[in-house]
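Chemist: One letter stands for each residue in the lines below.
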Amino acid sequence: RKEVEQDPGPFNVPEGATVAFNCTYSNSASQSFFWYRQDCRKEPKLLMSVYSSGNEDGRFTAQLNRASQYISLLIRDSKLSDSATYLCVVRGNTGKLIFGQGTTLQVKP
Amino acid sequence: GAVVSQHPSWVICKSGTSVKIECRSLDFQATTMFWYRQFPKQSLMLMATSNEGSKATYEQGVEKDKFLINHASLTLSTLTVTSAHPEDSSFYICSAAGGTGFSDTQYFGPGTRLTVL
Numbered sequence: 001r002k003e004v005e006q007d008p009g010p011f012n013v014p015e016g017a018t019v020a021f022n023c024t025y026s027n028s029a030s031q032s033f034f035w036y037r038q039d040c041r042k043e044p045k046l047l048m049s050v051y052s053s054g055n056e057d058g059r060f061t062a063q064l065n066r067a068s069q070y071i072s073l074l075i076r077d078s079k080l081s082d083s084a085t086y087l088c089v090v091r092g093n094t095g096k097l098i099f100g101q102g103t104t105l106q107v108k109p
Numbered sequence: 001g002a003v004v005s006q007h008p009s010w011v012i013c014k015s016g017t018s019v020k021i022e023c024r025s026l027d028f029q030a031t032t033m034f035w036y037r038q039f040p041k042q043s044l045m046l047m048a049t050s051n052e053g054s055k056a057t058y059e060q061g062v063e064k065d066k067f068l069i070n071h072a073s074l075t076l077s078t079l080t081v082t083s084a085h086p087e088d089s090s091f092y093i094c095s096a097a098g099g100t101g102f103s104d105t106q107y108f109g110p111g112t113r114l115t116v117l
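Protein sequences, first through last, are from chains A and B.
Residue numbering for the first sequence follows the numbering used here, starting at 1 and increasing by one per position.
Residue numbering for the second sequence follows the numbering used here, starting at 1 and increasing by one per position.
Honestly, I wouldn't trust all of these hints.
Partial chain B-side listing against chain A, Cβ under 10 Å, derived [to be verified]: (1) Q6; (2) P8; (3) F34; (4) Q42; (5) L44; (6) M45; (7) L46; (8) A72; (9) I93; (10) T105; (11) G111; (12) R113.
Because the hints were derived from the structure by calculation, they are not lab data.
Everything numeric in this text was worked out from a predicted model, so none of it was measured.
All C-beta atoms in this analysis are idealised placements derived from N, C-alpha and C, irrespective of residue type, glycine included.
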């Protein structure tokens, strides 16, 4: 079983749609959680950290459920520029970053 | 914000040759640098962690004699893929952190795409 699992998609949505991505992690001792965005042939860039209380940054909302070892990302009012691969990333108990495979989002006009 | 550069951005080489990739932190001192590899449609996998002035720590399954890492200064780490073969073709990404531990924020370089013919 992979340490961090994501549905690879692709998710094809129209502009303005709301889309949700999910992620599960296997190590209950994981310390911190992130969503990164990776554009084609580029490096990953930090989108936001994820906290148990839930956190929001503009159109993006992230949620963490430690009991279920589940992380989510909600994107509201999708823009064309949101098209990318979204990586769920967990900092394990060793401190290392563990990346999910990524979920590909394609926003269409 | 912190900037990390990589050179070259892409390289094509013949099987059996060695390729050196540089990772530089441009505006901060990187005590720790990380090297990742990403195959198409797969996740980033940590290859090794290097601390300035000491030997790199390699992840399980990564051959240290094939992937030579040097972190000679606080702003530069190099990864040399020795005797490269087609299966080494991948996207190599470095990241740099200002602290000595994994808990510090990592800043990623733009990556180097290696194609071995």
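Chemist: State for each hint whether it applies.
Modeler: For each hint, the structure was consulted:
no.: 1; hint: Q6; verdict: holds (9 Å)
no.: 2; hint: P8; verdict: violated (14 Å)
no.: 3; hint: F34; verdict: holds (8 Å)
no.: 4; hint: Q42; verdict: holds (6 Å)
no.: 5; hint: L44; verdict: holds (4 Å)
no.: 6; hint: M45; verdict: holds (8 Å)
no.: 7; hint: L46; verdict: holds (6 Å)
no.: 8; hint: A72; verdict: violated (23 Å)
no.: 9; hint: I93; verdict: holds (5 Å)
no.: 10; hint: T105; verdict: holds (8 Å)
no.: 11; hint: G111; verdict: holds (5 Å)
no.: 12; hint: R113; verdict: holds (7 Å)
Checked against the numbered hints above, the structure violates hints 2 and 8; every other hint is satisfied.
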